[in-house]
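Using our numbering, the first residue of the sequence shown is number 1, and each one after it goes up by one.
List time: in silico PhoX-like cross-link candidates among lysine-lysine, alpha-carbon distance up to 25 Å:
id	residue 1	residue 2
1	LYS70	LYS90
2	LYS115	LYS90
3	LYS53	LYS70
4	LYS90	LYS18
5	LYS90	LYS15
6	LYS53	LYS18
7	LYS18	LYS115
8	LYS8	LYS64
9	LYS53	LYS64
10	LYS115	LYS53
11	LYS8	LYS107
12	LYS18	LYS107
13	LYS107	LYS90
14	LYS107	LYS53
15	LYS64	LYS75
16	LYS53	LYS75
17	LYS15	LYS115
18	LYS90	LYS64
19	LYS15	LYS107
20	LYS8	LYS90
21	LYS53	LYS90
22	LYS53	LYS15
23	LYS8	LYS53
24	LYS90	LYS75
Just so you know, the hints here were simulated from the structure itself, not pulled from any lab data.
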Amino acid sequence: MLTVYGIKSCDTCRKARKFLAENDIEFRFHDVRDDGLDIQMLERWAARIEWEKLLNRQSLTWRKIPEADKEDVTKDRAFALMLDQPTLVKRPVLESERFMAVGFSEKRFGDYWAKAHS
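Produce the entire structure from the sequences given, and follow the hints as far as they go.
So, in structure tokens, the structure goes:
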């Protein structure tokens with residue numbers, strides 16, 4: 001089953017959930033703020049996709065971090081920041097046994113999903 005990791009109030013997460021529901025794609029929603037985010041999730045995702053893609057450097061949360069803390073960010077530092085502030089995770093993260101994506105666009109999702117399940 002597909003799991004959508006995100007935040008309920010995120011517009012992109014809402015768009016992804018609406019698209020999935022309208023296309024009868026079964027999924028479960030995991031709110032990383034309410035339901036939690038842990039190092040095992042981040043490690044699992046990073047084993048399938050570059051960790052840099054998980055860190056949302058465009059977010060308001062990222063912009064509020066002191067410049068010194070944003071320099072030379074390593075995987076471990078990025079994970080520590082994301083665990084402390086889950087809104088730093090680029091959303092949504094979509095994961096199933098055969099599929100992994102970060103961010104959402106209907107076309108890209110449709111193409112990837114079809115390829116993963118053909």
